[in-house]
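Student: Chain B: place on chain A using the hints.
Taken in order, these protein sequences are the chains called A and B.
Just so you know, my numbering puts 196 at position 196 of the first sequence, and the rest follows in order with no gaps.
Just so you know, my numbering puts 56 at position 56 of the second sequence, and the rest follows in order with no gaps.
These are computed hints drawn from the structure, not numbers from a lab.
Hints should not be assumed to be uniformly reliable.
As the list claims (entries may be wrong) - Heads up, simulated BS3-like pairs for lysine-lysine below, C-alpha to C-alpha not over 25 Å straight-line: (1) A:K242 <-> B:K122; (2) A:K111 <-> A:K16; (3) A:K92 <-> B:K120; (4) A:K147 <-> B:K211; (5) B:K214 <-> A:K226; (6) B:K122 <-> A:K226; (7) B:K211 <-> A:K226; (8) A:K92 <-> B:K122; (9) B:K211 <-> A:K242; (10) B:K120 <-> A:K226; (11) A:K242 <-> B:K21; (12) B:K214 <-> A:K147.
What the hints assert, rightly or not - Non-contacting residues of chain A with respect to chain B, defined by C-beta distances greater than 12 Å in every case (computed): (13) D30; (14) E139; (15) V143; (16) P193; (17) S209; (18) T215; (19) C220.
Heads up, the beta-carbon is just placed ideally off N, CA and C, and yes, glycines get one too.
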Amino acid sequence: MKLSLRIWRQPDADTKGQMVPYEIEGVSEDASFLEMLDVLNEHLIAEGKDPVAFDHDCREGICGACSLVIDGQPHGPQAATTTCQLHMRRYKDGDSIDIEPWRAGAFPVIKDLVVDRSAFDRIIQAGGYISAPTGTAPEAHSVPIPKQDADAAFNAAACIGCGACVAACPNGSGMLFMGAKVSHLSLMPQGQPERRTRVLGMVAEHDASGFGGCTNQGECAAACPKEIGLDVIGKLNRDFRKAAVRAA
Amino acid sequence: MSTDLQSRTAAPKAARPAPWKPWRSNIGLKIAMAVSGVLMVLFIIAHMAGNLHVFEGREEMNAYAAGLRSFGAPLLPHESLLWVMRIGLVASIAVHIGALIALSRRAHHARPVRYAHRHKAKGESPNAYGIMRFGGIVIFLFVIWHLLDLTWRTVNPVKDAHDAYGAVMATFDPDRWPVTVFYLLALTALGLHLRHGIWSAVQTIAGPNTKWRKRTQAIALAVAVLIVAGFAIVPLAVTFGVVS
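Okay, chain A solo, but in the shape it has when bound (with noise of 0.2 Å):
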């Protein structure tokens, strides 16, 4: 199939940049969305010239490492999938595609449509881990977890920290992707001793890197590849709440 795409280009961090078109012929519906990008990067390597940047990894949907903005949607418009995913099948001949990088001040573009989203990690160090002795794996079931909260616990854990929620939006708040950390080790047993420090210290970086905050509208759960809920977000609320009376 035959494309037409007009793709953010940016040489650096420094530099302007702008939405550039490109056409692209013989197209595979088998294709990836990533695959596809690479096709263009052959073609444009062939002519001399400089190949878009983006952002990949596992291409296998697990490792949080894609991203792009697909005609204004994170991941692009099929739910649940993350760009690696997503198949040119989903688009026909002489369609037209805008690409973007993620858009927030907490994630500046490096070139491209690649944004350093080392905000992201920050936030896990001020908090989003648990302090444990090392050693050999202790039998699985010394420590009794109910159903429920393991299979919430495990939901939230799903994050893979790409960032769609904070492209998403229009607050560039990363409210989903702190409270699906909070969410998740806040409702194992392992997680308790640090609940405290961890919401508070999370929450002061997420402010300090440039975040915004949440206004509800949910436009996160939406974008996410791994279909996490508000929910997250009020627990992170309550969590944050607690911490903070107590530590007042």
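Tutor: Structure of chain B alone, referenced to chain A:
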């Protein structure tokens, strides 16, 4: 074809307030906004219920207005209930708008560049961002008009402070139909504001699970409809001559 957009090139140097105070965080400000909003909703429900005295006639309506002033007499001083209301409302509005300004500024820095391709909102509360901010401005302007009209009577033909009934009749007189239209417009903005605001406040303060979040959304819609209907019935009844 190109769009003239500039990406921000570095993370904003957001000075972390030292010492960091939880209530100054985004969530802390949202809780302040939610609590002040809930207080105003409670006032609005009482105000709406009180307005319905207009259907009992001039004497009952004015007796209700006088009763508000003399509430608690002779134990409490004159207008003590009203002063508690006034101080509470002014404080709530100050907190609500203060938090709004701080959060809006942060949101503006957090999302400095718009997408070239705008897609329709598809969240649970679509367009909440615009409804809350712009609807809020409409409500704020209306409150100023409302005070000038029915509290201070600056723009109302009935100057007698004890004739609340007469003032309502005069302001919604069919000849002054633009006032009624503005009133109904502001009510629409209020209804949309509350439909999102009520469940959003519960989400911020209590953090319900998915089942209760859906229930809260339904309750918020019901309360918003009830408030809008309860307020709208008065100007409509006066303008169309049901009450005169």
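Student: Please go over all the hints and tell whether each is borne out by the structure.
Tutor: Hints versus structure:
1. Between the alpha carbons of A:K242 and B:K122 the distance comes to roughly 31 Å, so the proposed pair goes past 25 Å and is violated.
2. Proposed proximity of A:K111 and A:K16 is supported: the alpha carbons are some 11 Å apart, at most 25 Å.
3. Our distance criterion of 25 Å between C-alpha atoms is met by A:K92 and B:K120, whose separation comes to about 21 Å.
4. Annotation: proposed proximity of A:K147 to B:K211 holds, straight-line Cα distance about 18 Å (limit 25 Å).
5. For a cut-off of 25 Å, the pair hint linking B:K214 to A:K226 stands: about 20 Å separates their Cα positions.
6. Taking the CA atoms of B:K122 and A:K226, the gap is near 16 Å; set against the 25 Å cutoff, the hint holds.
7. For the proposed pair B:K211 and A:K226, the alpha carbon gap of about 19 Å is at most 25 Å, so the pair holds.
8. At roughly 23 Å between alpha-carbon atoms, A:K92 and B:K122 fall within 25 Å of each other, so this suggested pair holds.
9. Taking the CA atoms of B:K211 and A:K242, the gap is about 22 Å. The hint holds against a cut of 25 Å.
10. Restraint check: the Cα-Cα separation between B:K120 and A:K226 comes to about 21 Å, which is no more than 25 Å; the hinted pair holds.
11. A threshold of 25 Å between alpha carbons decides the hint, and for A:K242 with B:K21 the separation of about 14 Å falls inside it, so the pair holds.
12. At most 25 Å may separate the alpha-carbon atoms for a hinted pair to count; B:K214 and A:K147 meet this at roughly 23 Å.
13. Distance to chain B confirms A:D30 as a non-interface residue, since its nearest Cβ pair spans about 25 Å, more than 12 Å.
14. Taking the minimum C-beta to C-beta distance to chain B, about 31 Å, the non-interface status of A:E139 holds against the 12 Å cut.
15. Chain B leaves A:V143 outside its interface by the beta-carbon criterion, the shortest separation being 23 Å against a cut-off of 12 Å.
16. Even its closest Cβ contact with chain B, about 20 Å, leaves A:P193 beyond 12 Å, as expected for a residue assigned away from the interface.
17. Here A:S209 does not stay apart from chain B, with its beta-carbon only about 7 Å from theirs, under the 12 Å limit.
18. The claim that A:T215 is not at the interface with chain B is violated, since a C-beta of that chain comes within 12 Å of its own (minimum 5 Å).
19. Not every beta carbon of chain B lies more than 12 Å from that of A:C220, the smallest distance being close to 8 Å; the non-interface claim is violated.
When the structure is compared with the earlier hints, violations turn up for hints 1, 17, 18, 19 and for no others.
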